[in-house]
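Peer 1: One letter stands for each residue in the lines below.
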Amino acid sequence: MFISSIVLTNFKSYQSASFSFSPSLNIIHGLNGMGKTNLLDAIYCVAMTKSYFGTSDRQMIHDGQAFFRLESKLLKGDEELSLIVKYQQGGKKTIQKNGNAYDKLSEHIGVVPVVMIAPNDLVLIDGLNADRRKFVDSTISQINHSYLNHLVLYHRLLKQRNALLKRFQEEGNFDPILLKTYDLKMEMPAQYLYKVRQQFFMEFTEKVQQQYATLSQRRESVDIRYVSSLEKGDFLQLMQDALQHDRYAGRTNVGPHKDKIECKLEGRMAKTFGSQGQKKSLVFAIKLAQYEVIRKSMSVKPLLLLDDLFDKLDHRRVDQLLSIILKGNFGQVFVTDTQLDRLEPLLMDLTGDYVEIKIDDLHVE
Amino acid sequence: MKVQSKKLEGVVNAFATLPGIGKKSALRIAIHLLADNTDKKSIFKEAVEALEGVRNCSCCYNLSDEEICAICKDPRRNASVVCVVEHIQDIMAIEETGQFNGLYHVLGGVISPIEGIGPDDLHIESLLSRVKRGNVREIIMAVSPTIDGETTIYYLSQKLGELDVSVSQIARGVAFGGELQYTDEITLGRSILARIPYAINGKS
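Chain order of the listed sequences is D and W.
Last residue of the first sequence: number 365 in our numbering, and the count goes up by one each step with no gaps.
Last residue of the second sequence: number 204 in our numbering, and the count goes up by one each step with no gaps.
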């Protein structure tokens, strides 16, 4: 599957621009601040309905304009897809697939599988568990639609339960039956999320280990562990046990929204003990594992978006990463870089076709 | 749009607060009434004033001109079955079907702590005391199949579980005349789980 073209209107730094892509490798180069990352984000938005960087819909509109629009054409097997993302300030964002708008944007997740690697991905190691959960949720949601529905249901009920606990606190009263109602309603989605996450990690951890071994060419061991409060017992019992704590804190303290994902190198927390180089390799291994899991379960090669991958890396590492990308079994790949010269020698050896896209101030080639 | 008369502007602003009426429609109505020389204005005035007399039925919270509404008072209706709905409009919709001969109970919404709506803000206590009084044998939950609607049903059935009454819920499934392939997966999944025995000539 690949995206053949995209037209950007009032999207981030672009007022109006259109691009055509190669089904294999696309090199996007140009100076800093010209919009290379924004072009990748536009592609990501067409696939995942929102910005990779957490930019709000409003902030994605070009300065001084009232709307943005992304229009793209894709080929998925024999099927031609036309996807249009539209957002008007104050309105609702819509996505049209072949002319029909989705009722819910979440229905679109998984139609265009995608994996993006960007410099801020180090949060997967250095950030909070919430960042890692977000990554896991977005990965599983792409391959399992039911997961996303359960996730939405669980979080909606969790929000209501927390609001209820706050209300009890403020009003100094308590309704055990109403609170229990939320526990009972949350049990099914909670158990489901736990079970699916558990299954996911059985495969995922092994894949990360494989990828890390080839990447680092070192012997250090890496481990990714999923730790859930639900391991300790039955969800309803756990909720019952945490009741006093919940009432005191005014929020829910156990459940899948508190699940942890631990990344370890040589048995020690990567966050604290890993070097910058090790962390970068680990992030890359995690992303390649994500790619593998999605490819395997959907039998489709996801789009691979690589933003500024070679930044701050020495020549040897750039060569190594590039050869992985070029020789790997990937589908359509997008690479951004400020320096074309360091890529060119390697591209000379490349047999397949590729497209160079130069982005600068005045025009787009 | 600038209106040159303060009085007219007041009327326009008042109309524009109504649901479905924007500023332009409000102005159109106001100018129409202004130019009208029949007794339309006084008919409207009386009609709106008469709203003061409309109240909620003290038993089921349906709209009524009297203490007890026409449905609750009707001796031909089956008082042992009570259908629980969110809004008054839901009663009108169910009455349209002509399929229900019992009584109603209007909750006035669904439980949603985020919006600050708890059980005490709804007509739940009065439903429980209706059941406690004894002649209700079945409660039919006809609440919207949303997350908050389902939670409310769950809560109510726990409360009613302590009492001697059976609780049922309206069926959810594929719309009549609808095509299966266009039905969303949740609805379709549910209708398969909650399938019913096939009846030939009404006999199963």
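Keep in mind that the hints were calculated from the coordinates and are not lab data.
Any given hint might turn out to be false.
Among chain W residues calculated to face chain D with C-beta under 10 Å, some are [unchecked claim]: (1) E115; (2) D148; (3) Y154; (4) Q158; (5) Q181; (6) D184; (7) T187; (8) R190.
Facing chain W, according to a computed beta carbon distance under 8 Å, are these residues of chain D, among others [unchecked claim]: (9) L128; (10) A130; (11) R133; (12) R156; (13) L157; (14) L158; (15) K159; (16) Q160; (17) L164; (18) R167; (19) D175; (20) T181; (21) L184; (22) M188; (23) Y192.
We put the CB at the ideal spot given by N, CA and C, even for glycine.
Peer 1: Confirm or reject each hint.
Peer 2: Verification of the hints:
| no. | hint | verdict |
| --- | --- | --- |
| 1 | E115 | 8 Å, holds |
| 2 | D148 | 7 Å, holds |
| 3 | Y154 | 5 Å, holds |
| 4 | Q158 | 5 Å, holds |
| 5 | Q181 | 14 Å, violated |
| 6 | D184 | 8 Å, holds |
| 7 | T187 | 12 Å, violated |
| 8 | R190 | 13 Å, violated |
| 9 | L128 | 24 Å, violated |
| 10 | A130 | 20 Å, violated |
| 11 | R133 | 21 Å, violated |
| 12 | R156 | 5 Å, holds |
| 13 | L157 | 7 Å, holds |
| 14 | L158 | 11 Å, violated |
| 15 | K159 | 6 Å, holds |
| 16 | Q160 | 5 Å, holds |
| 17 | L164 | 4 Å, holds |
| 18 | R167 | 6 Å, holds |
| 19 | D175 | 7 Å, holds |
| 20 | T181 | 4 Å, holds |
| 21 | L184 | 7 Å, holds |
| 22 | M188 | 11 Å, violated |
| 23 | Y192 | 14 Å, violated |
Violation of the numbered hints given earlier is confined to hints 5, 7, 8, 9, 10, 11, 14, 22 and 23; the remaining hints are satisfied by the structure.
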